[in-house]
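Visitor: Given only the sequences and the hints, what does the whole structure look like? Please build it.
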Amino acid sequence: GLPGEGFAFPADLVRGMAGQWQARLDPDGTAPSEPVAEARSTVGFGLFRDGLYPLRGGVTAELRGIMNALFDTYLSAHAAPAFPTAEEQARMASGQLIPGAEAAALSDDRDGGQKRADILRGVFEAATRDAGTPSMGGAAPTVMIHVNQADLAADQGVGWIDGVEAPISLVSVKQALCAGGFQEIAFGLRNEVLALSTENGFFNRAQRRALAARDGGCTIPGCTIPAAWCEVHHVIPWYRGGKTTIDNGVLLCWYHHHTIDTSGWQIRMVRGKPEVRAPYCYDPTRTWRPGGGNRLRARQAQPTLA
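For the sequence shown, the positions run 3 to 308 when our numbering is used.
There may be inaccurate statements among the hints.
List time: in silico DSS-like cross-link candidates among lysine-lysine, alpha-carbon distance up to 27 Å [unchecked claim]:
no.	residue 1	residue 2
1	Lys275	Lys245
2	Lys245	Lys176
3	Lys117	Lys176
4	Lys176	Lys275
The set of hints was computed from the structure by calculation and includes no laboratory data.
Guide: Printed below as a string of structure tokens:
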């Protein structure tokens, strides 16, 4: 007779089951095909459209596994239920920690794809700062952004990145200048260079190590992005006279740095340490509390090796 309706399975599950059966029926078939797949693996960019460059290509199963492990590590840390430790409970009781703020800080409107993109960005930015990364012409990989000083002062116009045909907004330019520093170049009428300043607003490696030891990672409570992936934010903006010093810098992940002026989170420095104030929806008292994630700060202050 005719078969019954049976069970309905999602297409992805059926595809996975088919792959498992193929591997069982032909156990020697996977190894010969791997070199072919590796030779075809590629990553590239499509044409700029709607503000984005589409990523195109394909990766091997091994690389997919590595990427999944990296994404899952940080995404699961965001999604995990909060069970405060005894130390965290003590900090809550003393008013140093906002009850529930760790979970609230991560209740942003980004979907999984956006979070994975931000994690990938953090990985690439960390690689550009790593001492083991190959240099280009004796210098570390550096993204060069060009902007007219008059446009920047008037808060109008756009910036341009070397090797990228699409412009970026002045908001992104200012964020990049805040995190990466800048040099002023004066041009003559024939486009000749008349003067070149030294680097300004750039936190060096020694300063970053000190900030990493102090903050432990992104300063916003509950954010799990590690210090190596963070940008350094000028608490008093450089364009308002803020200095590039440790007592005016805090570590922020790209997302919290990009949204610091619109998210409602506020940061100030008190005796060289960051304090944060959560948005009203997370903390109606709007109380300033110690920021950063270094657990050593909860203990009695003492010299530590970084």
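Visitor: Below or equal to 27 Å on CA atoms is what counts here, so check Lys275 against Lys245.
Guide: holds, 15 Å
Visitor: For the pair supplied as a hint, Lys117 and Lys176, confirm whether the alpha-carbon distance does not exceed 27 Å.
Guide: Given that 27 Å is the threshold and the Cα spacing comes to 22 Å, the pair holds.
Visitor: Quickly compare the C-alpha distance for Lys176 and Lys275 to 27 Å and report which way the hint goes.
Guide: Holds - the C-alpha atoms of Lys275 and Lys176 are around 24 Å apart, at most 27 Å.
Visitor: CA of Lys245 to CA of Lys176, is that 27 Å or under?
Guide: Within the cut-off at roughly 15 Å; holds.
Comparing the model with each earlier hint shows no violations; every hint is respected.
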